[in-house]
Amino acid sequence: MAVSYFISNHFISLSDIGVWVYIEWAIYDLLTISSILFCHYFFSKKFCVAAYYVFFGLVINTFLYILIFSDFYFMKTTERWWFWSFYTIAVNVVDVMMVAVLIVNKDFIFLVKGSGILKKKFFS
Numbered sequence: 001m002a003v004s005y006f007i008s009n010h011f012i013s014l015s016d017i018g019v020w021v022y023i024e025w026a027i028y029d030l031l032t033i034s035s036i037l038f039c040h041y042f043f044s045k046k047f048c049v050a051a052y053y054v055f056f057g058l059v060i061n062t063f064l065y066i067l068i069f070s071d072f073y074f075m076k077t078t079e080r081w082w083f084w085s086f087y088t089i090a091v092n093v094v095d096v097m098m099v100a101v102l103i104v105n106k107d108f109i110f111l112v113k114g115s116g117i118l119k120k121k122f123f124s
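In our numbering, the protein residues as written are 1 to 124.
By construction, these hints were calculated from the structure, which means they are not laboratory data.
Hints should not be assumed to be uniformly reliable.
Pairs of lysine to aspartate or glutamate, DMTMM-like flavour, derived with a Cα cap of 20 Å [claimed, not checked]:
| no. | residue 1 | residue 2 |
| --- | --- | --- |
| 1 | 119 | 107 |
| 2 | 120 | 107 |
| 3 | 106 | 95 |
| 4 | 46 | 107 |
| 5 | 45 | 95 |
| 6 | 76 | 24 |
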């Protein structure tokens, strides 16, 4: 996650920032997701709590990046509306949550436990 954010921040010029930056961020997150899945598959490692949170956090962020890009590019929205505030809060909360879980490695919103319950219910 840190490598993805470090690389993406160094390749984006803030003076030339536009709506395409959201697609770039989505691509970086998709590459990070792919790297996590590849490493877990290649090394046959079980997902730890932090991997679940980073995976789901990056999926949520990618989805939000695509939605905000669509709002700006396709809908041509120029006036502030509720989704912009939701986007800002959601992306930052998800990022803080991912960093916190990487530090403490605790399932504090029961994401891992909930996914285990869903797996048992639907896939067994």
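Taking each numbered hint in turn, which are not upheld by the structure, reported in ascending numerical order?
-> 5
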